[in-house]
Structures are given as C-alpha cells and as structure tokens.
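There are 2 protein chains.
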Amino acid sequence: MTLMKEASSGRVPQSIERVARKEGIDPAKLARLVAAGRVVIPGNVRREGLDPAGIGEMLAVKVNVNLGTSQNLDSAEVEVEKALAASEAGADAVMDLSTGGDLDLVRKKILAAVKVPLGTVPIYQAAVKQELTSQGMFDALERHARDGVDFVTVHAGVNKISLERLRQDPRLMGLVSRGGSLTMKYIADTGEENPYYQEFDYLLEIAREYELTLSLGDGLRPGCIEDASDRAKYMEFIMLGELVKRARAAGVQAMVEGPGHVPADEIETSVRAMKHLTGGAPLYLLGPLVTDVAPGYDHITAAMGGVIAGMAGADFLCATTPSEHLDLPNREDVIEGTYVTRIAAHAADLTRPGVRERARSWDLQMSRARAALDWDGQFQAAINPARAKQIRHRRGLETDTCTMCSELCAIRLAKEAMEKERDKDPKRA
Amino acid sequence: MTLMKEASSGRVPQSIERVARKEGIDPAKLARLVAAGRVVIPGNVRREGLDPAGIGEMLAVKVNVNLGTSQNLDSAEVEVEKALAASEAGADAVMDLSTGGDLDLVRKKILAAVKVPLGTVPIYQAAVKQELTSQGMFDALERHARDGVDFVTVHAGVNKISLERLRQDPRLMGLVSRGGSLTMKYIADTGEENPYYQEFDYLLEIAREYELTLSLGDGLRPGCIEDASDRAKYMEFIMLGELVKRARAAGVQAMVEGPGHVPADEIETSVRAMKHLTGGAPLYLLGPLVTDVAPGYDHITAAMGGVIAGMAGADFLCATTPSEHLDLPNREDVIEGTYVTRIAAHAADLTRPGVRERARSWDLQMSRARAALDWDGQFQAAINPARAKQIRHRRGLETDTCTMCSELCAIRLAKEAMEKERDKDPKRA
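Listed in order, the protein sequences are those of chains A and B. For the first sequence, this note's numbering gives the first residue as 1225, with consecutive numbering after it. For the second sequence, this note's numbering gives the first residue as 1225, with consecutive numbering after it.
Keep in mind that the hints were calculated from the coordinates and are not lab data. Don't take each hint at face value.
As the list claims (entries may be wrong) - For lysine-lysine, the following PhoX-like pairs were computed, each having C-alpha atoms within a straight-line distance of at most 20 angstroms:
{"#": "1", "chain 1": "B", "residue 1": "K1409", "chain 2": "A", "residue 2": "K1639"}
{"#": "2", "chain 1": "B", "residue 1": "K1339", "chain 2": "A", "residue 2": "K1648"}
{"#": "3", "chain 1": "B", "residue 1": "K1339", "chain 2": "A", "residue 2": "K1409"}
{"#": "4", "chain 1": "B", "residue 1": "K1353", "chain 2": "B", "residue 2": "K1409"}
{"#": "5", "chain 1": "B", "residue 1": "K1353", "chain 2": "B", "residue 2": "K1384"}
{"#": "6", "chain 1": "B", "residue 1": "K1639", "chain 2": "B", "residue 2": "K1613"}
{"#": "7", "chain 1": "B", "residue 1": "K1229", "chain 2": "B", "residue 2": "K1613"}
{"#": "8", "chain 1": "A", "residue 1": "K1353", "chain 2": "A", "residue 2": "K1409"}
{"#": "9", "chain 1": "A", "residue 1": "K1246", "chain 2": "A", "residue 2": "K1339"}
{"#": "10", "chain 1": "B", "residue 1": "K1648", "chain 2": "A", "residue 2": "K1409"}
{"#": "11", "chain 1": "B", "residue 1": "K1639", "chain 2": "A", "residue 2": "K1384"}
{"#": "12", "chain 1": "B", "residue 1": "K1644", "chain 2": "A", "residue 2": "K1384"}
{"#": "13", "chain 1": "B", "residue 1": "K1384", "chain 2": "A", "residue 2": "K1648"}
{"#": "14", "chain 1": "A", "residue 1": "K1384", "chain 2": "A", "residue 2": "K1229"}
{"#": "15", "chain 1": "B", "residue 1": "K1339", "chain 2": "B", "residue 2": "K1246"}
{"#": "16", "chain 1": "A", "residue 1": "K1353", "chain 2": "A", "residue 2": "K1332"}
{"#": "17", "chain 1": "B", "residue 1": "K1644", "chain 2": "B", "residue 2": "K1613"}
{"#": "18", "chain 1": "A", "residue 1": "K1644", "chain 2": "B", "residue 2": "K1384"}
{"#": "19", "chain 1": "A", "residue 1": "K1644", "chain 2": "B", "residue 2": "K1409"}
{"#": "20", "chain 1": "A", "residue 1": "K1253", "chain 2": "A", "residue 2": "K1229"}
{"#": "21", "chain 1": "B", "residue 1": "K1409", "chain 2": "A", "residue 2": "K1384"}
{"#": "22", "chain 1": "A", "residue 1": "K1384", "chain 2": "A", "residue 2": "K1409"}
{"#": "23", "chain 1": "A", "residue 1": "K1409", "chain 2": "B", "residue 2": "K1639"}
{"#": "24", "chain 1": "A", "residue 1": "K1639", "chain 2": "B", "residue 2": "K1384"}
Said to hold, decoys possible - Simulated coverage check for chain B against chain A, where a stretch passes if three residues somewhere in it have a Cβ under 8 angstroms from a Cβ of chain A:
{"#": "25", "segment": "1364–1375"}
{"#": "26", "segment": "1487–1494"}
{"#": "27", "segment": "1513–1522"}
{"#": "28", "segment": "1540–1546"}
All figures in this text were calculated on a predicted structure; none of them were measured in a lab. For each residue, glycine too, the CB sits at the ideal point set by N, CA and C.
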C-alpha cells in the first residue's frame, strides 16, 4: 500500500509521524494532507537511512540543492563532497543531475552519503546513453527507482498539446529546461508523443511499486524575463494539473515544478495559478529569478523570487548558485547557494500559515541576543555561525559593541535613555 | 529661488533637464513632479561637479551606499577608497556616516572624490564633539550645508509625541537608529523637545539657503522582526508626513526614510502607508531586512525586502553589506552590497510604472546574448562583467555552451528541435 493510501485509511505511518514531530504539526492532520496530495513525503521503499522531509502546505518551505557531473567535469567524488556540503549547510533534499561519467556510480555514492531525500532526472541518463526512446526513458526511470531514488523529475507536461501553444507564440529563448528540450527533440525526431505522457499509467505503476514521488517537471519554464508567464507555460500548468489528478487517483505522490525567470510582480499570480490548476499540489520552484542581468549573483536573484513565491504558496525552493548560467557549481558555490536559498525559505516561513509562529521564534532568539549585545548568542542563532564569527573577528578588535557604531551604539544609548526616563518617573517602571 | 519653487514656476532648471535625459522622461513632467515634492533631486548650491540624480515616482529606483569612519577605524583615505568603489559599482548616492577621526576632513575628501550626491547625518558630529545641544546640532547641520553636502538625515520625527507611543508599547530592541537614540538621549537628558523638531522652521531656512534636501530620518525604525510595524513607527510616519508638508510649503525638497527589519508580508502595507501619510514623498528605505537570523548575509536579506518595497513604491534603497550587524564594512563589502542592492533596484524597476519598459530592455539585451550563446554579449550585459567572466573562465575550459550542460545544452537542443519541426512543415516557417 502506498503512503497516500495508507494515510487515507486513517493510519499514521512512521514517516508521517517523524515529519510531524520535526514540523511541530499534529500527525493526524499531516496524514490528511498527505492523503489529499497537498503534502508529499518522498521516500523510496528501497532507500536506506532516509531522514524524511515533508513538502507542502502547513509545513516549512524546503530547500533542494542540485548536484551532478557534466560531460566536462565528471568526478563522482567531487559530487559526493558537494552533496555532503549541501546537507551540512542545511539542504532538505538534493538532486543528482549528473550527465557525465558513470552515472550509476555517482547516484549510488550520493545515496549512500546523505540522509536527505534524493531526486534525479532519468531522461538525462537515457540521453547520455543515446537511448532517447520510450524504452530507454522507462529503463532509466526504473533503474533509478530500483536504486532507491526518492523523487524523479518527469517532464510529462511537455507534449504535443503544450508544444503547439509554443509554436503559436514563439519565445526569445525557446526551452531552457534540459529535460524539456530532450523531450521536444524526441517528439521532433520521431513524430511520436512524449512517452512519459503517452504511457503515464505505466509510469504510475512503477512509481507505485517503489513509492517513488513524481516531480512533474517544468519543461516549458521561461528562460528569461521576456518569455515569462506566456500561454505555453500556462498550458503546461494545465497538463500538470491533469497528471496530478491521475497520480493522486493511483495513490502516487506528486509535486509540480514551476518557473524559472519571472518578473517580481508576476510571481504571486503565477504561484496562485499553479496551485489552482494543480489542485494544491506541493509546488517546487526553480528560482524564480527576478532579473536576467546578474550572472554571478543568480543565487540571489533566485532567492529574491523565492521569498515572494514562498509568501504566495510555493513549498519547495531549488537553490541556485553563484555560477548559474556560467559554470558547473563547485563546492563553495553549493554552500553559498544553500545558505542563501535557506534564508529565502525562512523569510517566507515568517509569513506562512501554520509555520509562522515556529519560524519567528528563531528570529526572536537572535533579537534577544542582539538586544543584550550577547555575541555568543548571536553566533548561535545565526544561520551560518562560522560566517558571522569570521566577519566579526576579522580585524582582531574586541569590543562589546561592534565596529560599526563603536561608542555610539544605538542599542546601548537608547537603553540608557529609556532607563533615565524611568528613573525620573517611577510610575512608569 | 529653490529648485522646487523654480520648477513650480514652470521653468525647467538645468539639473531637472539632466536627470530627465538620463531617465528618458519628459523634462516638463519631471519638473512637475519636483514641484509637487514627489521627486527630489538633491544638489547643494555649493556642491561642485555634481552629477545629479532624481529620486521618486516615475524614476528608476536609486541606490545609496553608506560609508564613514567609526571610532575604532578612522582613516579618511580608506573611506574615500570605499566611496570611489561604490561609485564605480554603480551607486547613485553615498552617505558619509563618519563618527571617528577628523570628520570635516573625511567629508571634504569624499565630496571632492565622487560626483554622486552626498548625504550626511549631522547629529553624529554634534555627538562626537560632545555638543549634543540645540546649538551643537544646528552648528553641525550648517557646517555640512556650507561644505556642499546634498542631503542630510534629520531625525525630526523622534519627538516627545512619538516617544510617548514607544513608552506605551515597549519593544524588544528599543531604538537601533543612532540618530534616533541620540535624539532620545537628548530629550531624556534635558527634558527639552528635539531641536530639529522644535525649531524645524529654522532648519528649513538653512535648507533653503543651501538647497539642502532633507531626508527625514527613520529614528524609530524597528531593529528586529518582533518590533516591526508597531504603533511608535506609524506615529513617526505621521510626524514625518506633517514635516514633509511644511518642507514643501517652504520650497525645501524632502524625502522620508523607512524601516528597517520587516517581515516580507508587511512590507507592501508599510510602504503604501508611508506613501499615503507623507503625501507621496520619495521614500528611502534602509533594508527592509526580511529576517534577523542571517548576519553575514544581510546585504541579501535587505535586498530581498528591497525588491518587494520597490514594487510597492519605495524609491531609494540603502545598500546593506555582508558585515551589517557585525563590523564596519570594508571595501569589498561595500562593492558587494552595492551590486546586490542594485540588483534589487533593477528587479523592482522591471515592475515599476514609467520605468518598466526601459528597464526591460537591459534584460532583453542579456537574453538575446544568451539565446545566441554569445558570451561576450552576456558579459557586456552583466551587471558585474568581471564577476561573470571570472566564474565562466575559472576552470580554463573553453566551450561554446557552459560546463553546466555541456553537450546537453537545452538552448541548443530546443533550437534544433524547433528547426526540425519547421523543416517538416514549411507552412510554419
């Protein structure tokens, strides 16, 4: 019985119990959200040592970090190091997007190294093996499922219907999703429909067997501000909504991926539309990047969009790194991207129904330490204590205030003035 | 005659002409906005070599960068270097917040070094000179005006009325504005009203004489998420609104400063309230930082808030740096803070009435270069070309795609698939 079916039956499986404890939510309530498909808890039946994470409504916004070799840079060891670094920096999940070297080896090593849920994109393996066929795509999917992968991106919404909308309204940048463009290539080369769409029921059978969570891929995501929020993208949302419905009926957990590059004022509408069209499926966003002009800072442009998206209802943010659009991320990029995306997720949590109060207690801890000029307390409450300490101590000066204000510390001055007022007027004490 | 009066008379002074050209706005329209006090163009009559910048409605969001010595770190040369670095990184204005060393010297050196408008906070000088008296505060203000400073922060809204609201509803962190807390100290020590409020008409006389733009300071800005959007802060908005009205009547340009630390979902309301209460005065924001927990990344937490604030109507963003809350910024911090804040300003511009189309042409330039895999074009369009180049070339690999996708370049794959489709069906070509 799948997790959704079990949750529907009124039982509270162990993974739901564990996630409920971490999130501080009532387990029975969480089970209802899982049963309704509004929360997913990826966890392949074959995965060992998983620390499960919940993604969706009423839960904290989660952060995924992408890893993986490319054809130029294919060391498995380096990717394992990145996976560990991401996990230490607080990633809630990682995805292995490898396209170079021994893909099976990289995947197995990452699965063995980390406890967080692992996602993959099986079509990459089919493409790398020159098996971009229906058979090749399903072979790759099943292999990943057998290896214990917890969630897979399948670009099942890239099909003849949505591509026709793209043809009616061409874009500046076309497709920028690798999985989306491979699917488009398959359709163009063969004249056949996308196998993951055409044989979606078969895909659901595999997913059911392994408790594989589907991440319905955002193959038509816009690659630039100019292309954002177009009809092709909305068509794909509609397709994904239909597929979510079918997945739920089959007891298969499914989330939906969203764009991409989106101007800040279109994000809320876009997120709300995706939630409507997909029946409130957990929403996994790649960005959204709020401008195109900042290569080298795209972990930040994505995090800016991530805060706005998280406020509007996005549940899962994919970290972008400083090397986005430029180079394969190195370990330092992965760490930086993870922290910055976690900041976006937390800033959204401060506004998020069901999560807000718990999230605010963290900020309160920091503020109390700040008000007391308690530096150790501030470091402890910092999202990255090592970074904060390094900056504070880099000049080797020791003061109880900071070198920004020195003796003119506003916090201290104001406190003294307040106390003076109180002394003058004991009624106010 | 002041700039506002001149603009009201229907003439278009040279500084308005220059700003209109830079912004691509009709000069007569800009003159009307200046006359109405909805745009300010700071420019002291004594300032030499100024490249004027417009701040307010229908104009691009501007970025200020704070500089200045502190009592521990008081080198004038270092601050001049930072000012030049900020200016090269694209700052639209700088503020000298020095509190250590020879304040007059630092100010004069920065004024001579840069062409962007310079702002200061005269009360710091009064405090450092142990002259926190009415005389001392006005002496400092007049000295800065005589030196050619273009805009000054005066915390005239921190007065007995707004402080009473604070007493009725105490905060976790009290005041975190240095100018605000010094004013509070003055009131507590002397029992007198804030001189800048009490003698605001005298302040306006000085401002009028030198064409000194007032930046009505945000002395009661919240220092943490817990304290955001409280009654004391709204009381200060109301006070500042009254002062804006008096400044306009006197022909003195005035903008208003806003918080601070604000949860993401309170920013829009806060910005709109400030705009309402101040008659649409140009709004200058310090942050807003969307969480307290990320010291070391507060240039980013502030920029996240900056995008949302800019969308809601904020006109001027004060850059925060990675060392905020920890240490006086060094040159690298200033550069990083400037770029990240410029990204926020630009992301807001992409949504901003009157600015949107011009702003989008920049992103379009980048996207066209990306779609063509034209790397030189991408570097040219990048907000920080050096950063983008460094990441792209750091491994010494040369490919026409990037190492992220290598041969599986989505852009290229999709383009080929599109072309294949077109070849099959010539009607679509």
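Going through the hints against the structure:
For the given pair, B:K1409 sits about 9 angstroms from A:K1639 by alpha-carbon distance, which is consistent with the 20 angstroms threshold. Restraint check for B:K1339 and A:K1648: the C-alpha separation of about 48 angstroms exceeds 20 angstroms, so the hint is violated. Restraint check for B:K1339 and A:K1409: the C-alpha separation of about 54 angstroms exceeds 20 angstroms, so the hint is violated. Straight-line distance between C-alpha atoms of B:K1353 and B:K1409 comes to about 15 angstroms, which keeps the hinted pair within the 20 angstroms bound.
Under the criterion of a C-alpha separation no larger than 20 angstroms, the hint pairing B:K1353 with B:K1384 is inconsistent with the structure, at around 24 angstroms. Restraint check for B:K1639 and B:K1613: the C-alpha separation of about 25 angstroms exceeds 20 angstroms, so the hint is violated. Restraint check for B:K1229 and B:K1613: not satisfied, since their Cα atoms lie roughly 48 angstroms apart, outside the 20 angstroms limit. Only pairs whose Cα atoms come within 20 angstroms are accepted, and A:K1353 paired with A:K1409 is accepted, the gap being roughly 15 angstroms.
About 15 angstroms separates the Cα atoms of A:K1246 and A:K1339, which keeps this hinted pair within 20 angstroms; it holds. Between B:K1648 and A:K1409 the alpha-carbon distance is near 13 angstroms, which keeps this suggested pair within the 20 angstroms criterion. Between B:K1639 and A:K1384 the CA atoms are separated by roughly 16 angstroms; this keeps the pair inside 20 angstroms, and the hint holds. For the suggested pair B:K1644 and A:K1384, the alpha carbons sit about 15 angstroms apart, so the restraint of at most 20 angstroms is met.
With a C-alpha separation of about 15 angstroms, the suggested pairing of B:K1384 with A:K1648 holds against the 20 angstroms cut-off. Note on A:K1384 and A:K1229: the hinted pairing is violated, with a Cα-Cα distance of about 32 angstroms set against a maximum of 20 angstroms. For the hint linking B:K1339 to B:K1246, the alpha-carbon distance of about 15 angstroms falls within 20 angstroms, and the restraint holds. Between A:K1353 and A:K1332 the CA atoms are separated by roughly 18 angstroms; this keeps the pair inside 20 angstroms, and the hint holds.
Restraint check: the Cα-Cα separation between B:K1644 and B:K1613 comes to about 33 angstroms, which exceeds 20 angstroms; the hinted pair is violated. For the hint linking A:K1644 to B:K1384, the alpha-carbon distance of about 15 angstroms falls within 20 angstroms, and the restraint holds. With a C-alpha separation of about 9 angstroms, the suggested pairing of A:K1644 with B:K1409 holds against the 20 angstroms cut-off. Distance restraint check for A:K1253 and A:K1229: the Cα-Cα separation of roughly 15 angstroms lies within the 20 angstroms cut-off, and the hinted pair is therefore satisfied.
For the proposed pair B:K1409 and A:K1384, the alpha carbon gap of about 71 angstroms is over 20 angstroms, so the pair is violated. Straight-line distance between C-alpha atoms of A:K1384 and A:K1409 comes to about 12 angstroms, which keeps the hinted pair within the 20 angstroms bound. Straight-line distance between C-alpha atoms of A:K1409 and B:K1639 comes to about 9 angstroms, which keeps the hinted pair within the 20 angstroms bound. Between the alpha carbons of A:K1639 and B:K1384 the distance comes to roughly 16 angstroms, so the proposed pair stays at or under 20 angstroms and holds.
Restraint check on the segment 1364–1375 of chain B versus chain A: 0 residues with Cβ-Cβ distances below 8 angstroms, three needed, restraint violated. Proximity of the segment 1487–1494 of chain B to chain A, defined as three or more residues with a beta carbon under 8 angstroms from a beta carbon of that chain, is established by the 3 residues found. Counting residues of the segment 1513–1522 of chain B whose beta carbon lies closer than 8 angstroms to any beta carbon of chain A gives 8, which meets the minimum of three for the stated coverage. With 1 residues having a beta carbon nearer than 8 angstroms to a beta carbon of chain A, the segment 1540–1546 of chain B misses the requirement of three or more and the stated coverage is violated.
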